[in-house]
Amino acid sequence: MIERLVQDYLAAVAQACAGLPASARMELMADLREHIAVARAELPEQSEEAVAAILQRLGEPATIAAEARAAVPAPLIRPVPPMPPMPMRRPTSTPTAAIVAAVVLVPVGIFALVLIVGFLAYYTRS
Amino acid sequence: MHYGHCGYLVTQGTLYGMEVGPALTTALRRGTLEFCVLALLEDEERYGVELVGRLAAKPALTTTEGTLYPLLSRMRRAGWVTTTWQESPTGPPRRYYGLTAGGKAALDTFRTEWVAFRDAVDHIVGTERS
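Sequence lines, in order, name chains F and B.
Numbered per the working numbering, the first sequence spans residues 34 to 159.
Numbered per the working numbering, the second sequence spans residues -12 to 117.
The following block holds chain B by itself, in its conformation from the complex (with noise of 0.2 Å):
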């Protein structure tokens, strides 16, 4: 298969054929983690560790370090991150990833479609929070 096959049955729209557990978390963090990434830049560049290892750490998000490396490429590509290396003293100099207007703007736009499709998905589901 072209793609990792979750990866294609996220494109056609559908999940049929998988287990719901892991295709799920799957298509819920395709669209979402990179706007992840975007938010723990806005306020400060953090080096390639530091920002995987923060995503890493929460497993909801399911993801292990490895998997966010080619994310970030693509951010890169996309224009959303820029980065910058910096000596460090205790160590081999450490690649920093930072915000570009872009990406910045690609933030606030997440921010709002995602309340609203967040909220309509938990009114309809009924898992909103009283």
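If we strip away everything but chain F, and leave its shape as in the complex, we get (with noise of 0.2 Å):
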């Protein structure tokens, strides 16, 4: 019966740490089983209730597990997904600007094809 108690229990153990790495509950798991073998060893008799004690005395499967999951060492800052690269944007945008060119550009070049032909009538008169 008590090496069904103790069974029972590291198995309860085991399974709360079915989350964590392998190694960690490999490690977990022999220090427990190493703790009992050491503590039942020093019991005065192999009684039941010593034995169920000694487990007590561990605690329950779950509190462990929840104390082994914090010692698991994770980054401190969660890694950022990379920003998406933003898109490239004028200062003004392309519509506006040549709407604006057109409003300048077009008088302006109105106003010299106008000086261009007077100067050459001028020029040219015979």
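Because the hints were derived from the structure by calculation, they are not lab data.
Nothing here was measured: the structure is a model prediction, and the numbers come from that model.
We put the beta carbon where it would ideally sit given N, CA and C, even for glycine.
A hint or two may mislead.
Unchecked claim - Which chain B residues stay away from chain F? Per the calculated CB distances, all over 12 Å, these:
| hint | residue |
| --- | --- |
| 1 | Glu37 |
| 2 | Ala47 |
| 3 | Trp101 |
| 4 | Ala103 |
| 5 | Phe104 |
| 6 | Arg105 |
| 7 | Val108 |
Said to hold, decoys possible - Cβ-Cβ distance ranges computed for the label pairs, FRET-style:
| hint | chain 1 | residue 1 | chain 2 | residue 2 | range |
| --- | --- | --- | --- | --- | --- |
| 8 | B | Val7 | F | Glu82 | 32 to 38 Å |
| 9 | F | Gln89 | B | Gly66 | 16 to 22 Å |
| 10 | B | Glu37 | F | Pro115 | 46 to 52 Å |
As the list claims (entries may be wrong) - Stretch-level coverage of chain B by chain F, calculated; a stretch enters the list once three of its residues show a Cβ under 8 Å from a Cβ in chain F:
| hint | region |
| --- | --- |
| 11 | 30 to 36 |
| 12 | 50 to 59 |
| 13 | 79 to 89 |
Assemble the dimeric complex from its two separately framed chains, guided by the hints.
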């Protein structure tokens, strides 16, 4: 019965620690097995009550598993997914720039043409 | 959840949403229990059952013996304690824990930090010992 008590307890701890990395879980299970073996060897007699007391002092499997999870090192800062590249934007939007250019440049162009035609007419008059 | 939720909230630096009692003792324990282990090993090596037994015997630390083994693993990985196996006349070989130079340095640093921290909190919270 005592062996069953111990095996059931260890199985419950192993199950509660199922989410741990295997190495951490195996290390913990080995530590607990050793603890139970050493503590039992110190008992004046191997009674079920005394062994149950050893397991009770070890504590609830869920509590041990919670502590084991907290002890697994994790990044202090979760990695932030890389930002998508920002689309390059011009200081002014293209359509607006085009409209401004047209409004300014077309009269200037017409004025320049008029000047050129005028000069040509003046200097080529016979 | 990835962590036990008390541990998660501790790393977030908040105890919101939890009963103050259990979450508080967990938070206080997280920062200090390993230094209690180091202090217990300062003068002599101790084997596992003895070490966890002494700590768990203090009700205010609210820890069961089993929860100390993950802590001891972490301290081993951090290089603060080493372990050696020693034969025992009365039973199976026992793993003895001992302090490293790094562990001793960490303990000395903690002593300074803890006194300053404890005194500041006592003063602000009004629990200074007269």
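Going down the list of hints, with the structure as the test:
1. Glu37: The assertion about Glu37(B) is violated, with a minimum of 9 Å to chain F.
2. Ala47: Holds, since 16 Å exceeds 12 Å.
3. Trp101: 21 Å, holds
4. Ala103: 24 Å, holds
5. Phe104: Its Cβ never comes within 12 Å of chain F, the nearest being 21 Å, so this holds.
6. Arg105: 23 Å, holds
7. Val108: 23 Å, holds
8. Val7(B) / Glu82(F): 32 to 38 Å: 36 Å, holds
9. Gln89(F) / Gly66(B): 16 to 22 Å: 33 Å, violated
10. Glu37(B) / Pro115(F): 46 to 52 Å: 51 Å, holds
11. 30 to 36: Coverage by chain F holds for the region 30 to 36 of chain B (3 residues, Cβ < 8 Å).
12. 50 to 59: holds (count 8)
13. 79 to 89: It holds, with 3 qualifying residues against the three required.
Violated hints, listed in ascending order, are 1, 9; each of the other numbered hints is respected by the structure.
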